[in-house]
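Please build the complex by placing chain B on the supplied structure of chain A, with the hints as guidance.
There are 2 protein chains.
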Amino acid sequence: MSATAAPVNVKEALALRAAEVEAYLADCLQDRDIPERLLSSMEYSLHAGGKRLRPVLLLSFARLFAGKGSGLGRRIMPFASALELIHTYSLIHDDLPAMDNDDLRRGKPSNHKQFDEATAILAGDGLLTEAFCLMLTCMGEGAVPAERVARATHAVAEAAGAGGMVGGQALDMEYTAKPGVSLEELRGMHAMKTGALITVSCVAGAVLAGASLVDVRRAREYGCAVGQAFQIADDILDVTGDTATLGKPAGSDERQGKTTYPALLGLSESRRLARERAAAAVASLEPYTCQEADFLRALARYIVERVN
Amino acid sequence: MSATAAPVNVKEALALRAAEVEAYLADCLQDRDIPERLLSSMEYSLHAGGKRLRPVLLLSFARLFAGKGSGLGRRIMPFASALELIHTYSLIHDDLPAMDNDDLRRGKPSNHKQFDEATAILAGDGLLTEAFCLMLTCMGEGAVPAERVARATHAVAEAAGAGGMVGGQALDMEYTAKPGVSLEELRGMHAMKTGALITVSCVAGAVLAGASLVDVRRAREYGCAVGQAFQIADDILDVTGDTATLGKPAGSDERQGKTTYPALLGLSESRRLARERAAAAVASLEPYTCQEADFLRALARYIVERVN
Numbered sequence: 000m001s002a003t004a005a006p007v008n009v010k011e012a013l014a015l016r017a018a019e020v021e022a023y024l025a026d027c028l029q030d031r032d033i034p035e036r037l038l039s040s041m042e043y044s045l046h047a048g049g050k051r052l053r054p055v056l057l058l059s060f061a062r063l064f065a066g067k068g069s070g071l072g073r074r075i076m077p078f079a080s081a082l083e084l085i086h087t088y089s090l091i092h093d094d095l096p097a098m099d100n101d102d103l104r105r106g107k108p109s110n111h112k113q114f115d116e117a118t119a120i121l122a123g124d125g126l127l128t129e130a131f132c133l134m135l136t137c138m139g140e141g142a143v144p145a146e147r148v149a150r151a152t153h154a155v156a157e158a159a160g161a162g163g164m165v166g167g168q169a170l171d172m173e174y175t176a177k178p179g180v181s182l183e184e185l186r187g188m189h190a191m192k193t194g195a196l197i198t199v200s201c202v203a204g205a206v207l208a209g210a211s212l213v214d215v216r217r218a219r220e221y222g223c224a225v226g227q228a229f230q231i232a233d234d235i236l237d238v239t240g241d242t243a244t245l246g247k248p249a250g251s252d253e254r255q256g257k258t259t260y261p262a263l264l265g266l267s268e269s270r271r272l273a274r275e276r277a278a279a280a281v282a283s284l285e286p287y288t289c290q291e292a293d294f295l296r297a298l299a300r301y302i303v304e305r306v307n
Numbered sequence: 000m001s002a003t004a005a006p007v008n009v010k011e012a013l014a015l016r017a018a019e020v021e022a023y024l025a026d027c028l029q030d031r032d033i034p035e036r037l038l039s040s041m042e043y044s045l046h047a048g049g050k051r052l053r054p055v056l057l058l059s060f061a062r063l064f065a066g067k068g069s070g071l072g073r074r075i076m077p078f079a080s081a082l083e084l085i086h087t088y089s090l091i092h093d094d095l096p097a098m099d100n101d102d103l104r105r106g107k108p109s110n111h112k113q114f115d116e117a118t119a120i121l122a123g124d125g126l127l128t129e130a131f132c133l134m135l136t137c138m139g140e141g142a143v144p145a146e147r148v149a150r151a152t153h154a155v156a157e158a159a160g161a162g163g164m165v166g167g168q169a170l171d172m173e174y175t176a177k178p179g180v181s182l183e184e185l186r187g188m189h190a191m192k193t194g195a196l197i198t199v200s201c202v203a204g205a206v207l208a209g210a211s212l213v214d215v216r217r218a219r220e221y222g223c224a225v226g227q228a229f230q231i232a233d234d235i236l237d238v239t240g241d242t243a244t245l246g247k248p249a250g251s252d253e254r255q256g257k258t259t260y261p262a263l264l265g266l267s268e269s270r271r272l273a274r275e276r277a278a279a280a281v282a283s284l285e286p287y288t289c290q291e292a293d294f295l296r297a298l299a300r301y302i303v304e305r306v307n
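Residue numbers (numbering that gives the first Met the number 0), protein chains in the order written: chain A, 0 to 307; chain B, 0 to 307.
For reference, chain A alone in the conformation it holds in the complex:
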């Protein structure tokens, strides 16, 4: 595939792979008999852009462990895309007036500003639930064994739930009102709020490919480290204001009143920590020599190169 032919140009490879996901997302909700306004609201946020990092990670780990010629990528595209539905739902609910009260998301009106609050709540609920439909459609004849699909879906539910992403957002709300958040608290909150879904993207890809326990563990290590690197880089970009590569408008007020890595550690130490986490991600893939592993290593480095 052309997408994997140039792993050295990671930005281009990432864009090519994201475009494959985009093509699937384009009409993935069309056959579901969803009331018109609700569907418009779900699609408004789902098609608002983004790097599609989570689906790309899932597909890449599936390719790494199943091999390029397996045809697995096509069969698990609904599963990979489901991660983007979950990510999108979390952004819609995070933006609500009762949460971060953000009027803008990626330079456009946030969902509740474009539609209304009730519709935004339901669009989020709908995207989360439809994600589980998509994940579970991957099983069946000629597709992926039901046992693998069910295990991978269970892992995603754990990561997205109250002990993962939802719990992380709850802590984020608590910490916003609280002075003196510690580094340990910040790290724990981000591990749940953004880390868990990024990590499970890697893990689920490995599980769907039928990877061994050792390989799944390495996918988890990579995901944890990349998730941390990603979060620290995101915090740095919010402070330095150089948000062009993140696709955010400059002056985004998303972190208003929130504790960040640079606030606790300073910019220089934050940059060092981000590089260290990226290096840990690269190290976790040490046993693998194929082109797919090269892409994942380049991706880990790319995430922190943006902030150096």
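Please keep in mind that the hints were generated in silico from the structure rather than gathered at the bench. Given the structure is predicted, the values throughout are model-derived calculations rather than measurements. Ideal Cβ placement from N, Cα and C applies to all residues, glycine included. Careful, some of the hints might be misleading.
Said to hold, decoys possible - In silico DMTMM-like cross-links for lysine to aspartate or glutamate, where the CA-CA straight-line distance does not exceed 25 Å: (1) B:K112 - A:D101; (2) B:K177 - A:D32; (3) A:K257 - B:E116; (4) B:K257 - A:E173; (5) B:K257 - A:E35; (6) B:K177 - A:D115; (7) A:K177 - B:D237; (8) B:K112 - A:E173; (9) A:K112 - B:D115; (10) B:K67 - B:E146; (11) A:K50 - A:D101; (12) A:K112 - B:E173; (13) B:K257 - A:E116; (14) A:K10 - A:E275; (15) B:K112 - A:E116; (16) B:K112 - A:D115; (17) A:K177 - B:D32; (18) B:K10 - B:E173; (19) A:K257 - B:D115; (20) A:K257 - B:E35; (21) B:K50 - B:D293; (22) A:K177 - B:E116; (23) A:K67 - A:E275; (24) A:K112 - B:D101.
Said to hold, decoys possible - Coverage of chain B stretches by chain A, computed from C-beta distances (three or more under 8 Å per stretch; other residues unrestricted): (25) 26-34; (26) 107-117; (27) 146-153; (28) 156-163.
Chain B only, in chain A's frame:
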């Protein structure tokens, strides 16, 4: 089991079966490492009572098709309970200020009144996601085949999603603002908002038991008919104010400004329609002669007896 020994006293049998579900629900979130306040909020609504109708339906259909001595009931208790998490999440989100703006639920402050709006949104998100964890824990060695669990979970996701329950709530919001809702629109909205989850409770029980396609179809027919009977009875009780048996405080303002069956058809015709739908549910189980089928028939009749 004592719960099935007295099918003629359906009220007592229903309470006994609900108590089994209650016992499982009591600590089903305890091992999930959920931030304290979020956990309190999720448990506040989950343990606020209710008939546990959906889990009882699932367990009953599983027993009907797997047989009493199969031990399936114990193994699928997490799946059955998950339906109550989904039902509870939908009530929390429906009560929010941006939706029905209800201060009370079952005579107690609604979730956002007891906690706050952000916590209530996240408690709903958490309950929905944890429900999928619970459903998918039923597979594995000595439990239920993964293929059945995955199929049943997929059916629940479809029923709860934007083409089902979430879509029904979106239509309910639209219709509240709109004059002249037709009977067809009311029926379609309720089929999505409450009917889909009740129906899939019956279907999922049958699927988990490994029922034949014909048996699954009969479970679906029963669920559709019982769901309609239940909704019409609920509307009648809201109008007649005799809400004691439903566990609602009299004068509940849940339907303020909403179209109901009695408003469109009158009380007498609504009662007739409820009885007809209960009779259809009873008829759908005609081929089955066991005690479990007797319980399900008695349950269908009990739902409308309350309003006659």
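These are the hints, each one checked on the structure:
1. With a CA separation close to 23 Å, the supplied pair K112 of chain B and D101 of chain A stays within the 25 Å bound.
2. This hinted pair checks out: K177 of chain B and D32 of chain A have alpha carbons roughly 21 Å apart, not beyond 25 Å.
3. Of the supplied pair hints, the one linking K257 of chain A and E116 of chain B holds, its CA atoms being roughly 19 Å apart against a limit of 25 Å.
4. The hinted pair formed by K257 of chain B and E173 of chain A fails the criterion: a straight-line CA distance of about 36 Å is larger than 25 Å.
5. Proximity of K257 of chain B to E35 of chain A is assessed by CA-CA distance (about 20 Å); at most 25 Å being required, the pair is judged to hold.
6. With a C-alpha separation of about 16 Å, the suggested pairing of K177 of chain B with D115 of chain A holds against the 25 Å cut-off.
7. At most 25 Å may separate the alpha-carbon atoms for a hinted pair to count; K177 of chain A and D237 of chain B exceed this at roughly 44 Å.
8. Taken as a hint, the K112 of chain B and E173 of chain A pair is honoured in the structure, with Cα atoms around 17 Å apart against an allowance of 25 Å.
9. For the hint linking K112 of chain A to D115 of chain B, the alpha-carbon distance of about 21 Å falls within 25 Å, and the restraint holds.
10. Among the hinted pairs, K67 of chain B with E146 of chain B is consistent with the structure: their alpha-carbon atoms are about 22 Å apart, no more than 25 Å.
11. About 20 Å separates the Cα atoms of K50 of chain A and D101 of chain A, which keeps this hinted pair within 25 Å; it holds.
12. Only pairs whose Cα atoms come within 25 Å are accepted, and K112 of chain A paired with E173 of chain B is accepted, the gap being roughly 17 Å.
13. For the hint pairing K257 of chain B with E116 of chain A, the CA-to-CA distance comes to about 19 Å; that is within 25 Å, so the pair holds.
14. Of the supplied pair hints, the one linking K10 of chain A and E275 of chain A holds, its CA atoms being roughly 21 Å apart against a limit of 25 Å.
15. Distance hint between K112 of chain B and E116 of chain A is fulfilled; the C-alpha atoms sit about 18 Å from each other, no more than 25 Å.
16. With a C-alpha separation of about 21 Å, the suggested pairing of K112 of chain B with D115 of chain A holds against the 25 Å cut-off.
17. Taking the CA atoms of K177 of chain A and D32 of chain B, the gap is near 21 Å; set against the 25 Å cutoff, the hint holds.
18. Our distance criterion of 25 Å between C-alpha atoms is broken by K10 of chain B and E173 of chain B, whose separation comes to about 36 Å.
19. For the given pair, K257 of chain A sits about 20 Å from D115 of chain B by alpha-carbon distance, which is consistent with the 25 Å threshold.
20. Only pairs whose Cα atoms come within 25 Å are accepted, and K257 of chain A paired with E35 of chain B is accepted, the gap being roughly 20 Å.
21. Under the criterion of a C-alpha separation no larger than 25 Å, the hint pairing K50 of chain B with D293 of chain B is consistent with the structure, at around 19 Å.
22. The hinted pair formed by K177 of chain A and E116 of chain B meets the criterion: a straight-line CA distance of about 18 Å does not exceed 25 Å.
23. Pair hint K67 of chain A plus E275 of chain A does not hold up; C-alpha atoms about 30 Å apart against a cutoff of 25 Å.
24. A threshold of 25 Å between alpha carbons decides the hint, and for K112 of chain A with D101 of chain B the separation of about 23 Å falls inside it, so the pair holds.
25. Coverage of the segment 26-34 of chain B by chain A holds [criterion: at least 3 residues with CB-CB distance below 8 Å; count 5].
26. Chain A is given as covering the segment 107-117 of chain B, and this holds because 3 residues of the stretch bring a CB closer than 8 Å to a CB of that chain, at least three being needed.
27. Coverage of the segment 146-153 of chain B by chain A holds in this model, with 6 residues showing a Cβ closer than 8 Å to a Cβ of that chain against a need of three.
28. Only when three residues or more bring their CB closer than 8 Å to a CB of chain A does the claim for the segment 156-163 of chain B stand; here the count is 6, and the claim holds.
Going through the hint list in order, the structure does not satisfy hints 4, 7, 18 and 23.
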